[in-house]
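Chemist: Sequence:
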Amino acid sequence: MTADEAVRLIENDDHVFIQGSTSTPEVLIDALTRRADELRNVTLYSAFAVTKRPAPYCDPRYLDSFNVVSFFVSNSVREYIAQGYGSMIPRFLGEVPALFRDGTCRVDVALINCSMPDENGNVSFGVSADLATSAVECADRVIAQINPKMPFSYGDPVINLSQLAAVVEVDEDLVEVPTAIPTEKEIRIGNFIAEHIPDGATLQIGVGGIPNAVIRALENHKHLGLHTEAMTDGVLPLLERGIIDNSQKKVMPGKSIASLALGSRRLYDYMDYNKDIIFKDVAWTNNPFVIAQNPKVMSINSCLEIDLTGQVCADSIGTKIFSSVGGQHDFVYGSSQSEGGKSFLAMLSTTGKGVSKIKPVLTEGAGVVTTRFQTNYIATEHGIVDLRGKTLPERAKLMISIAAPEFREDLEKAALQRFGRSFKIL
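My numbering applies: residue -14 is where the sequence shown begins, and numbers increase by one.
Hints are supplied without guarantee of correctness; some may be wrong.
[Stated by the list, open to error] No farther apart than 30 angstroms at their CA atoms in a straight line, the calculated lysine-lysine pairs in the BS3-like style are these:
(1) K235 with K305
(2) K342 with K375
(3) K207 with K260
(4) K398 with K342
(5) K260 with K305
(6) K170 with K344
(7) K375 with K398
(8) K170 with K134
Honestly, the hints are just simulated from the structure, not real lab data. Predicted model, so just to flag it, every value in this text is computed and none were measured.
Please take these sequences and the hints and turn them into a complete structure.
Modeler: The following block contains the structure:
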């Protein structure tokens, strides 16, 4: 049927999940927005997503029609939520599926973007298993775009056509996320981290210039594994050259594991019908106790700012919610429980405006994503330090050593005032 016919299955007061990653079902969203004047009090759930544009339903004219709620504040809804029209639900991304499954957050309808069917009539929602798996499982009605541009990925994001309430044929390119080219400073950070990663490690790698710099520095490693939340173009050279062979993993050995993909057409084509890549429900990929079963788990993530004691903010700029927690906490904890595991949190030492990201205390209103009780390695372009087993004054001394040189004197004064003699005698 047409998209306009399909969205007529959505009723007043329904709770609707919209698939994310790079596969937001734009045609269905446009059709739903066209029905705004007919609908009232429809809750729209979104999560991590990279979209072509701001969500069209994010318009103050539609306040009576749509309640916009996000589990991860992405570019499609960020400004709308910042202006107070929508809201977010704080939750570790790996724990959101439980909200659907236990009924805390009802799902009446799931809007998804799927591949063409295979010989058995199965379609795959490809690049986005993450929350889509549980939302589809819990929804009364599943409405799907069937799209030849969507790769068929194996694992959890597979559903039979017979389970769909409505199907809309589209031919739309997925959003492509260009590979971030590391800067000179980011390359230095990547080299610092790579020196601490052994052969046979299982990698969880975030998104951006610093993670890609780490990947580039691993080209001479051997027998690496991949168990990550997001798969990106950055890992393709390691997969194609057999550096990632998953031979030493304990959880699904021989397979690369991810929950979502963010990349170029080259990545999507590489994934298509590739049985060596398995996409799983984020409740499973991000379960710290699943993660910890693999040896030498190396968790590599970015952050926005860190205080002298190792408290990490990665979701907000002051009180303004910029993103959300994602899987950082889950993989930091999972790696700490893994035999030989390590976690790395990395950032440039200053903002683009030249403000230090290492602070005496976090900016007022900043959210603590990774607590001081969990931080392990911290890296900037000025070095890498290990906070594990260190006292608060020792941590302050180490954090100051990797701050931008022009801020170190002020940070030392703040540390001396806070910690007194215990800092002075170090």
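Chemist: Each of the hints needs a verdict: does it hold here or not?
Modeler: Here is what the structure says about each hint:
| no. | hint | result |
| --- | --- | --- |
| 1 | K235 with K305 | 40 angstroms, violated |
| 2 | K342 with K375 | 21 angstroms, holds |
| 3 | K207 with K260 | 22 angstroms, holds |
| 4 | K398 with K342 | 17 angstroms, holds |
| 5 | K260 with K305 | 41 angstroms, violated |
| 6 | K170 with K344 | 20 angstroms, holds |
| 7 | K375 with K398 | 20 angstroms, holds |
| 8 | K170 with K134 | 36 angstroms, violated |
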